[in-house]
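Asks: Given next are the chains, with one letter for each unit.
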Amino acid sequence: MNCKELAYMLADYCNGSMDPRLREELDTHLVRCEPCMAFTKTFQATCEETWKLREAIEYAIPAEVRERLDLFVRAAALKYPDKMREYRNQIERDRREKVADLVGAAAAGKLSSAAALLVESHCAACPECREYFDALRKTGALQPGDPPAVFRSHMIALMQALPPGEEFFLA
Amino acid sequence: MSAERWKEDEALLESLRKGAPGAVDELLRLYQGKIFNLAMSILKNESDAEEAAQDVFMTVIRKVETFQGNSAFYSWIYRICVNTCLMRLRGKRRNETVSIEEFMPVFTDEGMHASPMDDWSKEVERDALNEELGWMIRKFTEELSEKYRVVFVLSDVEGLSNEETARILGLTVPAIKSRLHRARLYLREQLSRYLREGKAE
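Those protein sequences? They're chains A and B, same order as listed. Converting from the first sequence to the working numbering requires adding 271 to each position, the first position being numbered 1. Mapping to the working numbering: the second sequence position 34 is 29, numbers consecutive.
Simulated from the structure, these hints should not be mistaken for laboratory data. Treat the numbers as computed from the prediction; the structure is a model and nothing was measured. C-beta atoms are modelled at their ideal positions from N, C-alpha and C, and glycine is treated no differently. Among the hints, erroneous ones may be present.
Claimed, not checked - DEER-style ranges, computed between Cβ atoms: (1) S156/B x F440/A: 48 to 56 Å; (2) S383/A x G165/B: 54 to 62 Å; (3) N78/B x R325/A: 19 to 27 Å; (4) D20/B x A379/A: 35 to 43 Å; (5) R401/A x G154/B: 26 to 34 Å; (6) P111/B x E319/A: 18 to 26 Å.
Please take these sequences and the hints and turn them into a complete structure.
Replies: Written as structure tokens, this is what we have:
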């Protein structure tokens, strides 16, 4: 082994992936060759200094660049692809239907016991939802149009709290 | 690549494909900093890097449905980023770069070191030098041609394996190893000269 060969094999030597026999040969050369020892040590030091940089520069992004990029990508994502919007609309439709079903079941006295319990305890703490159910009970009929947004989001949360597979209405 | 990162990527890919709400936010949260930095290290200019990052995210969002799961999601994104940046560089006047050959070690015909070697490895352990060295390494890296710079950044700065870097750049592992080694030899020589000059002053 000469100095030139050694210099071009240093990567595997420094990261420890070198075959042990070859490593021994390198070590033998190193103890006898001062320039190679200096070269190896400074090569190793160079690598270590570089790796130190990782923590320092990793993922530093100026705040205003981050903000602009956020805005741009979010705005563009609404356009591409249209599927995304379709998907959101679908979710929204599903939610409206589900809430309507829940209200219907409540009006008909057909809530499952778990759902009834959830609704009752929620209404004890939430004046908006209590008001809606009170009106429902008083008139005995569904209000025309969609229930208020707050009510809807609360009811969705309630239904999501049910164990998976459990329906909120009685069969 | 940790198992946790892998899982995060899988979940992100799934929700992007579905167009789930919040998917884009998650994409930005996980990759904005990484993509911007990668673009920065290739393009070396903040506004170029910002525009490149915009292009990268648009490409990801548009093409996510056609992404084949046979490579990792992050390597797909990095690849888009590298390609986007290289395309931008091609459209521009070449940046000033140094010739790496001038910084390769010189050997005699017998394969011995042709010039004396300084061992400065103990000197750089001094904390006082830390910041200065970091700054110099960045400067020297920026002077490398992109052929070496991209490999160096992905491997030594991003910490990706040779295999991962090879996949991202569409090169063989031996090609990556050779470029990376030359980039490190270059950096070693640059640091040697820098520290020697500092002493002479």
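Asks: Now look at each hint and say whether the structure bears it out.
Replies: Hints, verified against the model:
Separation of S156/B from F440/A is about 55 Å and conforms to the stated range, judged on CB atoms against 48 to 56 Å. A hinted range of 54 to 62 Å holds for the C-beta pair S383/A and G165/B, which are about 57 Å apart. Between N78/B and R325/A the Cβ separation comes to about 24 Å, which falls inside the hinted range of 19 to 27 Å. Between D20/B and A379/A the beta carbon distance is about 40 Å. The supplied range of 35 to 43 Å therefore holds.
The hinted window of 26 to 34 Å between R401/A and G154/B is violated, with their beta carbons roughly 56 Å apart. For P111/B and E319/A, the Cβ-Cβ distance of about 23 Å falls inside the hinted range of 18 to 26 Å, so the restraint holds.
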